[in-house]
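**Q** Protein chains in written order, with full-length UniProt numbering: chain P, 1 to 318; chain G, 1 to 318; chain X, 1 to 318; chain D, 1 to 318.
If you're looking for bench data, these hints aren't it; they were derived computationally from the structure.
Model, not experiment: these values are computed from the prediction.
Take the hints with a grain of salt, since some may be wrong.
A pair holds if it fits inside one copy or across any two, identical chains being indistinguishable in the list.
As the list claims (entries may be wrong) - In silico EDC-like pairs for lysine to aspartate or glutamate, Cα to Cα no more than 20 Å straight-line:
#1 Lys148 to Asp75
#2 Lys76 to Asp128
#3 Lys35 to Asp236
#4 Lys221 to Glu272
#5 Lys221 to Asp102
#6 Lys148 to Glu27
#7 Lys35 to Asp47
One letter stands for each residue in the lines below.
4 protein chains.
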Amino acid sequence: MTEGHMGLTIGVDIGGTKIAAGVVDEEGTILETSKVATPSTPDAVIDAIADAVRQASAEYQVDAVGIGAPGYVDDKRANVLFTPNLSWRHEPLKDKVEQRIDLPVVIENDANAAAWGEYKFGVGTGHDDVVCITIGTGLGGGTIIGGKLHRGRFGVAAEFGHIRMVPDGLLCGCGNQGCWEQYASGRALLRYAQQRATATPDSAGILLGLGDGTSEGIEGKHISQAARQGDPVAIDSFRELARWAGAGLADLASLFDPGAFIVGGGVSDEGELVLDPIRKSYRRWLVGSRWRPHAEVLAAQLGGKAGLVGVADLARQG
Amino acid sequence: MTEGHMGLTIGVDIGGTKIAAGVVDEEGTILETSKVATPSTPDAVIDAIADAVRQASAEYQVDAVGIGAPGYVDDKRANVLFTPNLSWRHEPLKDKVEQRIDLPVVIENDANAAAWGEYKFGVGTGHDDVVCITIGTGLGGGTIIGGKLHRGRFGVAAEFGHIRMVPDGLLCGCGNQGCWEQYASGRALLRYAQQRATATPDSAGILLGLGDGTSEGIEGKHISQAARQGDPVAIDSFRELARWAGAGLADLASLFDPGAFIVGGGVSDEGELVLDPIRKSYRRWLVGSRWRPHAEVLAAQLGGKAGLVGVADLARQG
Amino acid sequence: MTEGHMGLTIGVDIGGTKIAAGVVDEEGTILETSKVATPSTPDAVIDAIADAVRQASAEYQVDAVGIGAPGYVDDKRANVLFTPNLSWRHEPLKDKVEQRIDLPVVIENDANAAAWGEYKFGVGTGHDDVVCITIGTGLGGGTIIGGKLHRGRFGVAAEFGHIRMVPDGLLCGCGNQGCWEQYASGRALLRYAQQRATATPDSAGILLGLGDGTSEGIEGKHISQAARQGDPVAIDSFRELARWAGAGLADLASLFDPGAFIVGGGVSDEGELVLDPIRKSYRRWLVGSRWRPHAEVLAAQLGGKAGLVGVADLARQG
Amino acid sequence: MTEGHMGLTIGVDIGGTKIAAGVVDEEGTILETSKVATPSTPDAVIDAIADAVRQASAEYQVDAVGIGAPGYVDDKRANVLFTPNLSWRHEPLKDKVEQRIDLPVVIENDANAAAWGEYKFGVGTGHDDVVCITIGTGLGGGTIIGGKLHRGRFGVAAEFGHIRMVPDGLLCGCGNQGCWEQYASGRALLRYAQQRATATPDSAGILLGLGDGTSEGIEGKHISQAARQGDPVAIDSFRELARWAGAGLADLASLFDPGAFIVGGGVSDEGELVLDPIRKSYRRWLVGSRWRPHAEVLAAQLGGKAGLVGVADLARQG
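Could you put together the complete structure from these sequences and hints?
**A** Here it is as structure tokens:
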């Protein structure tokens with residue numbers, strides 16, 4: 001048992017393949033991490049969370065556990081109302097995990113957790129009003145208003161991925177059509193590249209050459225690599241993603257008027273390749289652009305750790 | 001000078017034709033009102049505001065003045081950054097009015113003021129998280145989060161009328177295209193009715209009969225009257241308005257997750273004729289509808305007084 | 001061998017489950033029909049076509065065979081360039097069938113064949129310029145210009161189902177987005193009903209009661225039955241289909257300016273339930289509606305036989 | 001009176017500022033031209049047409065006169081049903097002009113006339129099936145099918161500018177919304193440039209420098225000049241125009257399946273600056289692109305003379 005650290009908590013990140021747990025101090029530093037494979041059944045996931053927490057906390061005295069969960073988390077920060085990928089429906093996650101480990105548990109939506117992490121320990125430091133979007137496979141978001149995480153009346157605020165960008169648009173897993181996530185996400189980027197490579201293969205030589213030569217064989221990583229090598233289809237695919245991402249940020253500015261936007265998630269790892277066109281599109285669509293102060297559009301700093309660090313801090317606050 | 005009232009303030013509402021000032025007590029009761037015609041030049045408007053305040057306060061001891069102004073108000077609640085109809089650009093409204101009257105002045109966006117009025121004294125009482133939309137000639141909005149008016153980092157939050165509902169859609173006065181206001185407002189309702197009456201006059205007999213028989217002669221009041229008499233085009237026009245209003249509320253639920261929506265403005269005076277289809281459309285588009293608590297959609301109670309009462313209360317708070 | 005009939009030809013209709021062949025006279029009367037199950041491999045389909053032709057012609061002297069095929073047929077009316085469901089790619093259908101039967105063969109797109117059938121023997125009689133849409137599972141079309149089937153330079157004209165109705169809209173099997181077929185077809189009707197029943201089950205009581213009570217359990221036939229019984233969701237689903245179908249017809253009027261539109265396919269079997277709202281939507285969107293003659297919108301008369309009769313006649317013409 | 005020419009006819013082009021009449025021979029060569037200013041009242045326009053015809057024919061023996069008119073021309077090629085700019089409504093143009101000059105007169109829609117000119121004497125020579133779009137201030141079109149001008153049942157076919165590209169899109173002068181003309185025309189190009197220059201003036205330095213420095217001061221000619229000098233906003237504005245123009249051509253390919261597209265009008269004068277991105281967008285959206293022959297997309301050759309030469313030839317045919 002290591003002494004000398006006050007206020008350590010554990011943050012848990014439930015990913016599609018791995019569940020990660022980390023011991024985090026008050027400065028947002030991760031002292032210890034453990035990972036276990038994500039099981040396929042809900043109850044096994046809960047056991048795995050408990051295992052990861054136990055491993056991570058073996059050497060440290062921790063006060064609380066925060067769990068970042070995909071989907072809707074209720075206003076008690078205890079139950080997951082709905083998670084597409086894990087088939088959780090009104091799952092009492094807090095109770096079930098607390099039964100397995102002897103620590104207080106707080107549940108938070110994973111994108112909210114990531115937003116809080118960036119606000120508290122990342123690029124958002126110094127701002128009070130921050131809107132964060134996480135562009136990974138899908139699109140998630142979190143909002144900080146007046147220095148507080150904005151959870152909404154029922155705990156399900158900031159579901160940015162499902163605002164409607166296109167009436168009668170693309171089908172979404174949520175059952176609606178035209179959701180932002182269908183136009184500004186890693187999946188969308190892949191679709192843009194595949195559609196364009198199919199229609200105009202002559203302009204996608206580099207991109208197609210990185211895979212098996214077919215549009216179907218294009219993978220996400222090929223697109224950024226090809227864009228950096230000047231492939232017109234890859235560049236245009238990023239531009240299309242940015243067109244939608246920036247237009248959405250302009251809407252969020254009309255709604256939330258934050259001091260800063262933070263763009264995180266795997267897509268933001270591409271840096272200016274995607275941030276620069278997002279900023280341009282954002283400025284293009286910002287209402288009253290000449291007469292108002294502009295929020296900055298910042299790249300996230302913490303990468304994949306934002307959620308774990310963020311939810312650990314939220315657990316510390318109780 | 002009437003005694004016995006503590007904490008009286010004045011609320012000022014700048015309308016297109018009249019400037020109204022009212023003395024309001026802590027319960028939101030209007031004790032006295034005065035009205036002057038709205039002049040056409042900015043400086044004359046300021047003089048008129050001062051006149052209205054003086055008239056209203058002749059009989060009462062008041063502590064402060066709140067002014068609800070159209071357009072963007074800055075984070076100091078002092079300057080109007082931009083107002084389409086009055087050609088105000090970075091107008092120091094607070095200073096100019098304070099020079100004319102010997103009272104502290106607070107400026108607030110008029111739709112924010114109306115939202116606050118309904119939250120504090122109207123149908124929003126008892127809720128902490130409220131999103132209010134005001135469907136008048138245009139569409140405005142205001143948000144209460146955790147019992148506080150949400151102004152944003154720069155004072156320009158809740159500009160709901162200008163979120164993009166239709167990519168490449170209708171031109172808006174703000175310079176963008178596809179703004180919500182172009183699809184869910186009194187002007188939109190009129191356009192729906194005129195387009196439909198032109199295309200299918202056989203189904204618009206009642207509606208056309210209320211005016212001069214032409215589509216151009218249709219006025220807003222005809223549409224509600226005709227709808228109540230069963231005119232198919234008028235009913236369909238309300239339904240179209242509601243389709244867009246409800247879809248927007250569903251987006252706002254994903255973003256703000258309020259406990260209640262309040263629908264105010266002249267269009268809400270039509271009651272269930274418009275509220276019922278708005279609720280249906282809202283439910284139709286609400287993401288994850290089966291797995292989450294639903295915010296109520298309520299009709300505003302205070303009518304045209306919401307802004308005046310609201311901004312008077314905001315002035316009281318300093 | 002029956003004598004006395006001059007100019008008999010055979011029409012073949014390749015359906016998803018059955019291949020039908022019919023001996024047809026110059027008046028469009030079907031004298032004899034045979035059906036065989038549709039095999040799953042391309043070559044077996046060709047054998048089955050030959051079998052069906054032989055059966056049908058056992059008793060009659062026929063001069064030629066016409067085959068209505070799904071997909072793109074080339075300008076020689078010999079080869080199928082592309083068929084989604086049968087994996088035909090540049091398939092020399094004419095040659096292969098002629099090798100098996102000793103008769104001249106003509107290939108035609110099936111929706112073109114149906115259009116010709118209705119024009120020549122159905123509701124289109126008396127018109128020279130006709131645009132026909134076939135709303136079945138998908139949406140197909142055919143055009144008669146100046147009394148001739150309009151095949152285009154390369155044989156692939158009148159692919160109406162794939163004009164873009166919604167930029168960035170629904171994904172289509174063709175690889176594009178927003179195709180008309182995704183909004184005005186039997187599949188679209190089912191989607192409308194399921195989405196609405198999920199979002200507002202209270203308004204879909206009759207509809208849900210016809211199946212297993214779930215949205216997923218809704219079938220196409222339930223929707224028309226429920227609509228006839230007054231189910232609001234079923235009625236609204238037909239209205240939505242009609243909204244898109246009519247808007248598309250208005251576009252086709254701007255492009256082709258026909259004397260009549262014919263609406264066929266399974267959906268048209270519902271009669272005025274769907275035809276009436278299609279006509280209204282068409283009139284709503286027709287450009288210059290007050291200043292131009294209007295094409296009639298007619299229901300097809302021949303039902304499922306239009307294609308077989310049409311392609312038999314096209315074969316007769318050589 | 002010059003002898004030796006057989007089959008001369010006169011073509012008349014009614015422009016916004018000038019009415020041009022030209023004597024044209026069977027090869028499409030213009031032998032003589034006269035111009036008069038376009039008057040503002042309908043009857044004066046008819047007088048001016050007669051004057052221009054008299055002047056042009058002073059030296060030549062002509063057999064007939066063709067007049068290219070904006071708007072809907074009826075199936076008798078005699079009456080203008082509807083013209084926005086000249087307030088003609090069911091105007092008996094043929095009769096009125098024939099009363100003033102002693103020659104047979106044929107009326108044709110001006111974009112149809114231009115299409116015929118390019119088909120007969122321009123870049124369309126050698127094709128039988130041609131679709132022509134004319135991108136000027138607005139967007140017009142004409143179709144040649146099997147070597148004949150396709151006029152439709154009522155004379156109003158090929159009104160390409162008014163097919164709906166965007167549901168709930170921009171208002172059009174025709175009363176509808178989302179018409180192609182609002183997205184692919186000279187007016188649209190100007191809007192694109194002005195919107196972008198307002199939103200991102202830093203990227204429009206060259207463009208703004210060609211006018212008075214404001215977005216409002218941008219003119220059409222500045223955009224092409226700035227684009228050639230590398231101005232990002234000007235280039236992007238052309239790309240946006242091309243995005244919509246090409247997507248529309250892809251739809252027309254699904255409908256008409258021509259052997260060639262011809263792009264004419266003032267915008268086509270920019271050559272590959274606009275043709276190249278139009279071709280790319282066309283290929284991007286062409287359905288079944290890998291399995292079908294592709295129509296070429298050609299630049300018009302005759303420039304502003306196409307309509308005059310075309311309508312003269314149509315008059316020759318009687």
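**Q** Compare the structure with each hint and give your call.
**A** Each hint, compared with the structure:
For the homomeric pair Lys148 and Asp75, the shortest alpha-carbon distances inside one copy (15 Å) and between copies (19 Å) are both at most 20 Å. Taking the shortest alpha-carbon separations for Lys76 and Asp128, only the inter-copy value of 16 Å comes in at or below 20 Å, while the best intra-copy value is 24 Å. In this assembly of identical chains, the alpha carbons of Lys35 and Asp236 never lie at most 20 Å apart, being 37 Å within a copy and 48 Å across copies at closest. In this assembly of identical chains, Lys221 and Glu272 lie within 20 Å of each other by CA distance solely inside one copy; the values are 16 Å within and 34 Å between copies.
For the homomeric pair Lys221 and Asp102, neither the shortest alpha-carbon distance inside one copy (42 Å) nor that between copies (56 Å) is at most 20 Å. Taking the shortest Cα distances, Lys148 and Glu27 sit within 20 Å of each other inside one copy (17 Å), while across copies they are farther apart (30 Å). Taking the shortest alpha-carbon separations for Lys35 and Asp47, only the intra-copy value of 13 Å comes in at or below 20 Å, while the best inter-copy value is 59 Å.
In summary, the numbered hints that this structure violates are 3, 5.
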